[in-house]
Amino acid sequence: MTQHIVLDIDGQQYPVDADPDMPLLYALRDHLQLDNPRFGCGLGQCGACTVHVDGAPTRSCSLPISAVGTARIVTLAGLGTPDQPHVLQTAFIQEQATQCGYCLNGWIMTAAALLRDKPHATEADIRDGLSGLKCRCGAHLAILRAVTRAARA
Amino acid sequence: MGNISRRSLLRTGGALVVSFGAPLASPIAASAQTQPKAGPPPDQLDTWLAIQHDGSVTAFFGKMDPGQGVDVAIRQIVAEELDIAVERVAIVMGDTARTANQGGASGSTGIERGGITLRYAGAEARRVLLDLAGQHLGAPVDALRVRDGVVSCIADPARQVSYGDLIGDRHFDVPLQWNGVYGNGLVARGRAEPKHPGDYHIVGTSVPRTDIPEKVFARHHFVTDIRLPGMLHARMIRPAVTGSVPIAVDEASIADIAGARVVWKQGFLGVAAPREWDAIRAARTLKVTWSQAVPPFPGTAALYDHMRAATPIARKEPVKQGDADAAIAGATKIVEAEYEWPFQSHASMGPACAVVDARPDSATVWTGTQKPHFAAMGVARILGLTLAQVRGIWVRGAGSYGRNDAGDAAMDAAVMSQALGAPVRVQYMRADGTGWDPKGPASIHRARAGLDANGKVVGYRFDSRGFSRTDIATTESDPAHSLAGQLMDMKLSPTQEFGIPTEPYQFPAQLRAWETIPALFDRASPLRSSHLRDPVGPQLGFASESFIDELAHAAGADAVAFRLAHLQDPRAIAAIGACAASFRWQARIAGSLRVADPVVTGRGFAYSQRGQTIVALAVEVEVNRTTGRVRPRRWTVAHDCGLVINPQGLRLCIESNIAQGSSRALWEEVTFNPAMVTSVDWVSYPILDMADAPDAIDIVLLDRPDLPPSGAGEGSIRPVAAAIGNAIFDATGIRLHRAPFTPERIKEALGVPT
Chain R
1 MTQHIVLDID
11 GQQYPVDADP
21 DMPLLYALRD
31 HLQLDNPRFG
41 CGLGQCGACT
51 VHVDGAPTRS
61 CSLPISAVGT
71 ARIVTLAGLG
81 TPDQPHVLQT
91 AFIQEQATQC
101 GYCLNGWIMT
111 AAALLRDKPH
121 ATEADIRDGL
131 SGLKCRCGAH
141 LAILRAVTRA
151 ARA
Chain S
1 MGNISRRSLL
11 RTGGALVVSF
21 GAPLASPIAA
31 SAQTQPKAGP
41 PPDQLDTWLA
51 IQHDGSVTAF
61 FGKMDPGQGV
71 DVAIRQIVAE
81 ELDIAVERVA
91 IVMGDTARTA
101 NQGGASGSTG
111 IERGGITLRY
121 AGAEARRVLL
131 DLAGQHLGAP
141 VDALRVRDGV
151 VSCIADPARQ
161 VSYGDLIGDR
171 HFDVPLQWNG
181 VYGNGLVARG
191 RAEPKHPGDY
201 HIVGTSVPRT
211 DIPEKVFARH
221 HFVTDIRLPG
231 MLHARMIRPA
241 VTGSVPIAVD
251 EASIADIAGA
261 RVVWKQGFLG
271 VAAPREWDAI
281 RAARTLKVTW
291 SQAVPPFPGT
301 AALYDHMRAA
311 TPIARKEPVK
321 QGDADAAIAG
331 ATKIVEAEYE
341 WPFQSHASMG
351 PACAVVDARP
361 DSATVWTGTQ
371 KPHFAAMGVA
381 RILGLTLAQV
391 RGIWVRGAGS
401 YGRNDAGDAA
411 MDAAVMSQAL
421 GAPVRVQYMR
431 ADGTGWDPKG
441 PASIHRARAG
451 LDANGKVVGY
461 RFDSRGFSRT
471 DIATTESDPA
481 HSLAGQLMDM
491 KLSPTQEFGI
501 PTEPYQFPAQ
511 LRAWETIPAL
521 FDRASPLRSS
531 HLRDPVGPQL
541 GFASESFIDE
551 LAHAAGADAV
561 AFRLAHLQDP
571 RAIAAIGACA
581 ASFRWQARIA
591 GSLRVADPVV
601 TGRGFAYSQR
611 GQTIVALAVE
621 VEVNRTTGRV
631 RPRRWTVAHD
641 CGLVINPQGL
651 RLCIESNIAQ
661 GSSRALWEEV
671 TFNPAMVTSV
681 DWVSYPILDM
691 ADAPDAIDIV
701 LLDRPDLPPS
711 GAGEGSIRPV
721 AAAIGNAIFD
731 ATGIRLHRAP
741 FTPERIKEAL
751 GVPT
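Heads up: the protein sequence lines correspond to chains R and S, in order. Here this note's numbering is used: the first residue of the first sequence is 1, the next is one more, and so on. Here this note's numbering is used: the first residue of the second sequence is 1, the next is one more, and so on.
Any given hint might turn out to be false.
Unchecked claim - Chain R is nowhere near these chain S residues, computed Cβ spacing over 12 Å in every case:
hint : residue
1    : Val150
2    : Pro295
3    : Pro351
4    : Ala691
Stated by the list, open to error - Distance ranges between label pairs, derived from CB positions:
hint : chain 1 : residue 1 : chain 2 : residue 2 : range
5    : R       : Glu123    : S       : Asp703    : 26 to 32 Å
6    : R       : Gln33     : S       : Ser493    : 37 to 43 Å
7    : S       : Ala696    : R       : Gly132    : 42 to 48 Å
8    : S       : Gly733    : R       : Asp54     : 33 to 39 Å
9    : R       : Pro82     : S       : Pro705    : 48 to 54 Å
10   : R       : Gln33     : S       : Pro295    : 40 to 46 Å
11   : S       : Val599    : R       : Glu123    : 15 to 21 Å
12   : S       : Ala248    : R       : Pro20     : 30 to 36 Å
13   : R       : Ala153    : S       : Ala561    : 43 to 49 Å
14   : R       : Gln33     : S       : Asp703    : 42 to 48 Å
15   : S       : Arg284    : R       : Pro119    : 22 to 28 Å
16   : R       : Asp54     : S       : Ser493    : 38 to 44 Å
17   : S       : His201    : R       : Asp54     : 47 to 53 Å
In case anyone wonders, no lab produced these hints; they're calculated from the structure. Given the structure is predicted, the values throughout are model-derived calculations rather than measurements. Glycine is no exception: its CB is placed at the ideal position from the N, C-alpha and C atoms.
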C-alpha cells in the first residue's frame with residue numbers, strides 16, 4: 001500500500017514512500033521536514049497548510065499525495081528570501097502584519113496567487129480573495145494593509 | 001580588573017540536539033539539560049541578565065510572548081535602563097531551566113508585572129557596570145556616561161570601556177532583594193533606581209518585532225516543529241458521549257499500521273506511531289468498545305433554562321454600597337434587563353501540540369502553553385518526578401488566549417511518553433482543539449436600576465450567574481485539572497470564581513454580585529470552563545455596558561453624556577472624551593435617526609476599565625435587514641494603559657482585540673447536544689472572516705508617562721460586544737440580550753423570515 005512518489009517542491013526533487021491517500025501536508029511536514037505549511041484543521045477550512053500546486057493555492061491537508069503527480073509545488077520558503085523577498089513578504093514585515101503567526105502561511109500564499117492573477121487588486125478584490133482564511137488572533141486589518149500595500153508596490 | 005577576573009564564567013548550554021527540520025541538515029541546539037535542575041534563583045542579577053563578550057545582552061524573561069510582541073517591549077525596557085541599542089538585547093523566554101517563574105502569560109501582566117523586575121535588573125546592571133568602569137578608567141562614576149554599551153569619561157571621551165570588556169561572558173554575582181514570590185507577583189530589585197520616564201529614548205518608540213521576518217521567510221519554528229530522535233507521533237481518542245470510557249480496546253485492529261501502539265489507562269486512550277499519518281490512521285481505525293454513559297448535557301437550546309433553574313454553589317457581593325433594592329424601589333423609573341452569553345472556545349489556530357521526552361529520572365516538555373513553568377510542574381506530578389527533574393521549554397504555539405488545549409496536550413504527551421518509553425509528540429486534531437478545549441463560561445446577567453426625575457441613577461444592581469471561570473485551574477501545575485488527569489480518575493478540585501463589572505460609575509446605592517452554578521459534567525468534560533481572553537470580561541462588558549445604554553435611552557440622554565454624568569475618575573472621563581471627539585460623536589438619543597432602508601447604520605459606545613487599563617470605544621455598524629448580517633465598519637478606540645512602551649505593538653494588539661472581540665460578539669457560540677459538543681471545526685464554530693473585517697480602526701493612545709504601564713492584552717476586548725449591540729439598537733431599535741449577534745438572531749429579532 002506504500003507508493004513511491006517524487007515530489008517537486010521549491011525546485012527540488014524529493015522522493016517519498018508513503019500511503020497514496022496520505023495528504024500532501026504530512027509528506028511536507030513529517031517526511032520532508034518542510035515545516036512552514038501548518039496543520040490548522042485538516043479539513044480545508046482554514047488555509048494554514050496552503051501551498052501552490054502548479055500555481056494554484058491549494059490546501060495541502062486535503063490533497064492526497066497520489067493526486068500531486070508531477071505538479072510543481074511551491075511553499076512559502078520558495079516564494080522569496082531575505083535577499084530576494086516577494087513583495088508580500090516585504091509588505092507583511094513593513095506592516096508587522098501578524099500576531100502569533102500560525103496562520104500567516106495561508107494568507108501570504110493565497111495573496112501571492114491573488115496578486116499574480118490580479119496585480120492591481122482593489123481592497124474589495126483582496127477581501128473577497130482572502131475570504132475563508134482564518135486568523136484567530138484578529139490580525140485581519142493589518143493583513144489587509146499588508147496585501148493592499150503589496151498590490152500598490 | 002582583578003575583581004572581574006575572579007568572576008565565574010557564564011555556564012554554557014548542554015548538548016541535547018533538537019531538530020526542527022527545514023533544512024534537514026541544520027538541527028539547532030536547544031541547550032537542554034543533561035542534569036535537570038530547578039530554575040535559576042530570582043535573587044541573583046545573573047538570573048535576569050547576561051552580557052556577552054561582544055557587549056550584547058541577553059534578558060531572561062519568565063513569561064513569554066503569546067503573539068503581541070511582549071518580548072520586544074521587555075527588550076526595550078532592558079535596553080533603556082542599560083543604555084544600549086535595543087538590537088543588541090536578545091531575550092530568552094519561558095524556559096524553566098533558564099528563566100525564573102514569573103507566571104507565564106497571565107492576565108495581561110507581561111509588561112505590567114513581568115517588566116518590573118527586568119527594569120530593576122537593567123538599572124542594577126548599569127550601576128554595577130558603571131562601578132566597574134570607574135575602577136577601570138580611574139574616574140568617579142558621576143564623571144562617566146554610557147552610549148550604546150560603551151562607558152566613557154565625560155571630560156575625555158577617548159577614555160572608554162565597553163560592557164563586553166567589563167564583564168563579557170562572566171557572572172555579575174550581585175544579589176537582588178527578592179520578595180519571595182513566584183509567578184505574576186515576583187519582584188526582585190537591586191540598589192539602583194531605574195531611570196525617570198522623562199529620560200526615555202527607547203521606551204516609547206515603535207521597535208519592530210524580530211519574529212515577523214522569521215515567520216514571513218518560513219524560518220520560524222513553532223512547537224509543532226519539534227523533533228527528537230526516536231520520537232513517536234501520537235493522537236488521542238476521545239469518547240463520543242461525554243463520560244463514556246473505553247471498556248475494551250482491540251489492538252489487533254491496527255496491527256497492520258507500521259509501529260502503531262496503544263496507550264490505555266482507565267479513561268485515557270491514545271495511539272502512537274513513528275509516522276504522523278500512521279498515528280492519525282490508527283486513531284481512526286482502532287476498535288474501541290465504550291461504556292454506556294448517560295448523556296449529561298441539556299443541549300444548546302435549553303442551556304439558559306438549565307442555568308436559571310440550577311442551584312448556585314457560590315455567591316459573592318464584591319461591591320455593596322447602600323441599599324440598592326430600596327433605592328431602586330423608590331425611583332421615578334425602573335429599568336431592568338437580562339443578558340445571556342454562551343460558552344465560547346479558544347479555538348486556537350492550530351490545535352495544541354506538545355512533545356515530552358520522559359525518562360526514568362527526568363523529563364523534558366516542549367510546549368506552546370503560555371505557562372511553561374506550571375506545565376513543567378504538572379508534568380512532574382503526572383510522571384511522579386520532582387520538579388527539579390523536569391524541564392519545561394516554551395516554544396511558540398498558536399495563539400492560546402488563556403487556558404486552552406495546550407495544557408492538556410502536555411499532560412497527554414507525558415503519559416504517552418512514559419508508557420511507551422520514547423519521546424512522544426501529541427498534536428490534536430481540529431475537533432480536539434475546538435470541541436475539547438476548556439471553554440469560556442456561559443453566563444446570565446440580570447441588571448436592574450432606578451432613575452430619578454433628572455435621569456440620574458439612584459440605585460443599581462448587577463447580578464451574574466455563570467459557570468465558574470476556574471472549573472479547571474488556569475495553570476497546568478496540577479494534572480487533576482487536565483483531561484489526562486481527569487480521565488485517570490485523579491481527585492477533582494474545582495474552584496468557584498466569576499466576576500463583576502469594574503467600571504467606577506458613581507451610583508449612590510449599588511450591588512454588584514455573582515454566583516456560580518455546578519459544571520454541567522464534573523470530569524473530563526468538553527464543557528469544563530476556564531480562562532479565555534479577558535476571563536468573563538466580554539460577557540460582563542456586554543451586559544453592563546448594554547445596560548448603561550438602556551439606562552441612557554430610558555433617561556432620554558445621549559449615551560456618552562449619560563456615562564460622563566455618572567463618572568468622576570479623570571482618566572475615564574478623558575478616555576471617553578477622547579473617543580467621542582475622534583469619532584466625531586454628536587450628542588443625541590440612541591435610535592433617533594432610524595430609517596427603514598434595507599441596509600441601515602447605527603453607532604454605539606461602550607467603555608471599560610480592566611485593572612488600571614481604561615478603554616472607550618465607539619463604532620459605526622452596518623446592519624443588513626434582509627440577510628441579518630452585521631458589520632462594524634468604523635471603530636474609534638481611546639486607550640489608556642499608562643506609560644506606552646511600544647506604540648506600534650500596542651496599536652496592533654488593540655486592533656486584534658477589536659477583531660477578536662467582534663468575532664466573539666457576532667459569531668462565536670459553542671453548541672452541544674445532550675452527549676457532546678457539536679461545534680468542532682471552523683464551519684460549526686465560525687469566527688470573523690476577512691469579509692466582515694472593519695474598514696478602519698482609529699486608535700487614540702493616551703500615553704501616561706507618569707503612570708506605570710498596565711496590561712493591554714485584554715482591556716479592549718471587553719467593551720466590544722456592547723458597543724456593537726448598542727449600535728445595532730441605534731440602527732434598528734432592536735435591543736439584543738443574547739450573544740452572539742448571528743444573522744439568524746438578527747433576522748429573528750427583526751421579524752424577517754429565516
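Worksheet item: Quick check: which numbered hints come out false for this structure?
Response: Numbers 3, 4, 7, 8, 9, 15 and 16, in rising order.
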